[in-house]
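Now for the letters of each chain:
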Amino acid sequence: MTGSPMSSMSSEFAGVLHEMLDGADVPAVARRWAAGDLAPGLALWRRLAGLGVTGLAVPEKQGGLGASPLDLVAACEELGHHAVPGPVPETLAAVPVLLAGLGSGAGAGAGAGSGPGLPEEWLSGLVSGELIATLAMPPWLPFAADTEAAGLILVAADGVVRVGGAGTPRRSVDSTRSVADVADGAVLGTASGLAVEFGALACAAQLLGAGRALLGASVRHVQVRTQFGRPVGAFQAVKHKLADVAIALEFARPLLGAAALSLDGALGSGVLGGGVLGGGVLGGGVLGGGTGAAGRDVSAAKVACGDAAYLAARAALQVHGAIGYTEEHDVSLWLTKIRALLPTWGTQAEHRARLLACIS
Amino acid sequence: MTSAFRAEVREWLGAHVPDPPLPSLDTAEGFERHRAWERELAAAGLAVVSWPARYGGREATLSEWLVFEEEYYAAGAPARVGQNGLSLLAPTLFTHGSDEQRDRLLPPMACADEVWAQAWSEPDAGSDLAALRSRAVAVSGGWLLSGTKTWSSRAAFADRAFGLFRSSSSAEAGSRHRGLTYLMFDLRAPGVTVRPIRQLGGRTGFAEIFLDEVFVPDADVIGAPGDGWRIAMSTASHERGLSLRSPGRFLAAAARLASLWRREGCDPGVRDRVADAWIGARAYQLHTQATADRLAAGGSLGAESSMGKVFWSELDLALHETALDLLGPSAEDRDGPDRRWLEDYLFALAGPIYAGTNEIQRTLIAERVLGLPR
Chain D
23 MTGSPMSSMS SEFAGVLHEM LDGADVPAVA RRWAAGDLAP GLALWRRLAG LGVTGLAVPE
83 KQGGLGASPL DLVAACEELG HHAVPGPVPE TLAAVPVLLA GLGSGAGAGA GAGSGPGLPE
143 EWLSGLVSGE LIATLAMPPW LPFAADTEAA GLILVAADGV VRVGGAGTPR RSVDSTRSVA
203 DVADGAVLGT ASGLAVEFGA LACAAQLLGA GRALLGASVR HVQVRTQFGR PVGAFQAVKH
263 KLADVAIALE FARPLLGAAA LSLDGALGSG VLGGGVLGGG VLGGGVLGGG TGAAGRDVSA
323 AKVACGDAAY LAARAALQVH GAIGYTEEHD VSLWLTKIRA LLPTWGTQAE HRARLLACIS
Chain F
59 MTSAFRAEVR EWLGAHVPDP PLPSLDTAEG FERHRAWERE LAAAGLAVVS WPARYGGREA
119 TLSEWLVFEE EYYAAGAPAR VGQNGLSLLA PTLFTHGSDE QRDRLLPPMA CADEVWAQAW
179 SEPDAGSDLA ALRSRAVAVS GGWLLSGTKT WSSRAAFADR AFGLFRSSSS AEAGSRHRGL
239 TYLMFDLRAP GVTVRPIRQL GGRTGFAEIF LDEVFVPDAD VIGAPGDGWR IAMSTASHER
299 GLSLRSPGRF LAAAARLASL WRREGCDPGV RDRVADAWIG ARAYQLHTQA TADRLAAGGS
359 LGAESSMGKV FWSELDLALH ETALDLLGPS AEDRDGPDRR WLEDYLFALA GPIYAGTNEI
419 QRTLIAERVL GLPR
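From first to last, the protein sequence lines stand for chains D and F. Using the working numbering, the first residue of the first sequence is number 23, and each one after it goes up by one. Using the working numbering, the first residue of the second sequence is number 59, and each one after it goes up by one.
Extracted from the complex, chain F is given alone in its bound form (with noise of 0.2 Å):
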């Protein structure tokens, strides 16, 4: 089964992969000729490899899923534009969403005929996640939402957004990782201000959100009001761990590394981080494999999707920096031949601070996995 799975996605993706690659997502040209691709992905069955048939899916299993994700980075394929939706919002509706939910919103996600984006972070919330100050106000039939929301991936071009709001204070619910709400919104809704913010690189990958008593109805709620804390931790460990980022992605960036090491010479100088950035794709590989072989079996993800999420992000941003070293003064060059390295490069950068800052994973190792006290 897996083996002719791998064969139809590879000879699928070998005659549609577009060549030459599709301009940045993170401009409005780029955005929609990624959400043309996702279209065309959807239509071939693949775009959601392991949902549920009815909302597009063909129930692939997590095994199978990593091996639609080995096969997808090893064609070069596009970069996914309906990331945060795929790997953040369905997993959340999957477990906290209603049928009505997830009727709704899941097969427009499936082919990017809704686009996503994430709103955690606020100006003085980030780390400390649950500093959050933007409101959601009860009204009739729905609420209000107020605030500022801000680094939000995809916000420029998304069509949607999800994220926490207080819907009761601190000193009403007791703590203030309670009163927490889960919703959805609009982009496009009446009071909402989208300013897109230019990252390193200059592309305006994330945006601020202002929101001025927004109106969302009572459907956009995922899990009881108050409740949303609780919510979105439990499906933090997806952002951290598999999927979020494959390994596919690594494993093919690092066969690529060792092809450029051996075109620059094998400069015996470099050698060791070349061979140190094939040895953690693979450990990342096996890891995931035995991961997903957990989860089949019916274990959980918990605090140890932390190290996942250390790991990859360090890996990914020495095994770039180490392509720039072999590149040379030729790897400042954004319009070369080779450009694609400084690109994936700047991407990388953002690996150790976004969905929880390296700092705060270590943190939680030490607490939850080892025993340390707080």
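The following block holds chain D by itself, in its conformation from the complex (with noise of 0.2 Å):
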């Protein structure tokens, strides 16, 4: 039995990101980035790290805050939120624990050219904002997002992590993203399973985030709509739509919660799958090394998250009508990131399918 899904200081924390990014005019500066501006983007980025969130998975030793994945979870939720553009699971979750758990093997790899230190001096750059990572983890994460905004492009796959070299980048559904095959180069070390954990619960975090978002954005616009006379709210067939992306979103929520304590209890005990990342097979019901309670958790929460925000989508573009069908109109930030977002760190399926073989 877990306690409440959110811890109070997770919600402070996720309260002095609102305001901060509520001020930020973060449609603008996505919109910006579309457009192959990044720098008001990048100093974004920075202002976020200034308020700790790029260090939450960053070890203490390594000069990151060595936050509970509670507080990672409650970050996420709020860049989903707000539609901000960037490789998020992977420069605030994945890519952090991948450096940070390069550990023994680490030693030999990361001499490939590039000196030792190097894995500590990424870690630093992600801390204070100056790198922004991405990487590729086929099978489950085949292209690297977003690689013209990284300093940093790793792969990890057979259990290394390498570092990768981008293919030319292609254009993403969502205008503010864009996705490259990796190349593999130098290994840097052991690749650790808690990666595809914390990146798939971060994605799971910022869609259920852009889920809540769309449903505000829809709420306010059927408040003052209005078609024969009424605000298209007040007809049963508008409430009862909305309804149901409330109630979804609702009791996606705790699982979120539950996760990031399944995964805090699993970086405690190392019990999740050996911790070194699996060969990836879906149809086993096997993705990353993870199993048990955390690998059930984070798929439970991945699939309710994407499947509610993705309700909260639909439903937002239709109770919009055709204004939502525009590019024009912010709300298409959030729905087209939705759908490039849904199945990356594992599909719906993949998820399902290991959550049943978690449970068995």
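Derived CB-CB ranges, DEER-like:
| # | chain 1 | residue 1 | chain 2 | residue 2 | range |
| --- | --- | --- | --- | --- | --- |
| 1 | F | GLY429 | D | GLN249 | 14 to 24 Å |
| 2 | F | VAL197 | D | GLY251 | 45 to 55 Å |
| 3 | D | PHE250 | F | ARG320 | 46 to 56 Å |
| 4 | D | THR248 | F | SER292 | 27 to 37 Å |
| 5 | D | GLY181 | F | PRO110 | 53 to 63 Å |
| 6 | F | ASP391 | D | GLN340 | 41 to 51 Å |
| 7 | F | CYS324 | D | GLN340 | 31 to 41 Å |
| 8 | D | GLY251 | F | SER233 | 24 to 34 Å |
| 9 | F | SER358 | D | VAL195 | 40 to 50 Å |
| 10 | D | GLY181 | F | SER61 | 34 to 44 Å |
| 11 | D | GLU170 | F | SER61 | 47 to 57 Å |
Some, not all, of what chain F presents toward chain D, calculated at C-beta under 7 Å:
| # | residue |
| --- | --- |
| 12 | ASP330 |
| 13 | ARG340 |
| 14 | ALA341 |
| 15 | LEU344 |
| 16 | PHE369 |
| 17 | ALA424 |
| 18 | LEU428 |
| 19 | LEU430 |
Bear in mind the hints are in silico, worked out from the structure with no lab data behind them. Glycine is no exception: its CB is placed at the ideal position from the N, C-alpha and C atoms.
Fit the two chains together into the complex; they arrive one by one in their own frames, and the hints show the way.
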């Protein structure tokens, strides 16, 4: 039995973050990012770093906060809520876990032309906000996102982490995002199986935040948009559609907190799949090295948050009507981001399969 | 404390849960067998764990009550024949009743010497409960009740019932939500006729109640005459929320569903629905726990309980539909070894309808949680 899904500290932190992002005109920043002008977005990331966001998953001994996964979830939910552009689960969660977990095998590999201290330098770059990192983890994350913005590109597969070289970025359905193939480079060390769990959890939180934002936008819109002489929100069909979104978001959220607590437990005990990223047998229900309660809870969170966010997106588009089907309206930023993120960090089907494997 | 409590509950249930299961409580024989089971539970101090000791409880916290419920369903223990009283009337008595009423009514409720039926709906007042027309006329020392109540759960075999009656006309009271009085009455009193109604599936889980000048003493009015609507609504969230459907029921059923899925060969076409049932049960457990923590910290249960009601009722139905789909042609067999899935499915079918239809709940969510215009 777990306690409350969010600690009071996490919710205070989320409140501070919300206030900052609310005043930062993130949609304008995102549109500049989409047009190829990354500078305002990178400045925003440095402000996030100033609040500690990029150091949450970096261990204290490497200059980070070594925070509870609950705080990471709270931060990622806020970044999703505000549609912050950039590789959020990668930079905030998966890459710090990979770099910090290079551990015993790191020494030899890290010497491959890059110097033994490099992972530490990267970690401090993440903490300071000077470095944005992305990665590919085939087969769950076959492409690296936002390679143009990233000062570090990694590839984690077959139990090892390598430096990656990005191919030509391709446009995403989310105009503020790109995806690229990544070629293998020098081996850095062993890949922690926790990385994919942290990435998937961060992505789930980002999706939930985006879904909440769309519910809020939908509610505001139907309160003011008038047809047939009434606000469209007075029509029962609209009410019931948005009530379903509220229910889905409400019941997805506790799963995030539970997964964060399970991961916290797995971090402490090293229970998770021996700590090494597995070969990724999707059909067999193995995603990453994760088995047991933590893997089960991360998958439950990703499925529920993904489904709730997508329901929120469909409902938002429908209740906005034609204006929602334009690029000009800001809801498009959230609608397309949800569609892009939904199958990343393990598809819904892969997570459902893994969950059943974990509860057998 | 919680783990010791869990162990005690698990051990007692392990030694006492009837095997084979009791006959349905919606049969005359099954009802009395369930009443006897409640007496056994009460004797073990497990019937009403969250109540004060003076009424037969042990003052368990909400979290401990949730533990009890998890263990209860995991053990496959019998349905609670006293549910209406325990989850609807008791919270009302705790909040709005008098000491005399609590002392007189709660102990026999706890050991099922008195099993309660609810008497809300009428033939022309279902979702629109405030349209009710059954009357309470003041007489010396009490009231005379007349009218028809229907869809009254457990009324076919229960001892007493509670519900709302119109004690002054809407015109006199100024609103149809005023002038309603919350009353309790004896189902065997002169002037009461109970007509059992066969439900989908053939059992008499509810009944129609005809009242013809049935005398009820003043002592059986809860709260002030005319204040019944406010009293009923103040505890309506109990009916929709955690006290009616504890997460234990769904966690146990989702685990059984996963086992059934494996037994039937891990059909990939049904896999996602099996996973979603488990995720839904887990989400409901976590959400309920968070609600219990919030209530323990002094919070209150408001319109958000409508979200829970829609969620659990649809989860329950989807879970059992998935089981029937997995069973295939043998699912229809009411006498076969897997018949429990069908019986529980029939039970789940009613969930989106009672305690306020899910359509009513969605409207409440939209207006009271999201703030959409009426």
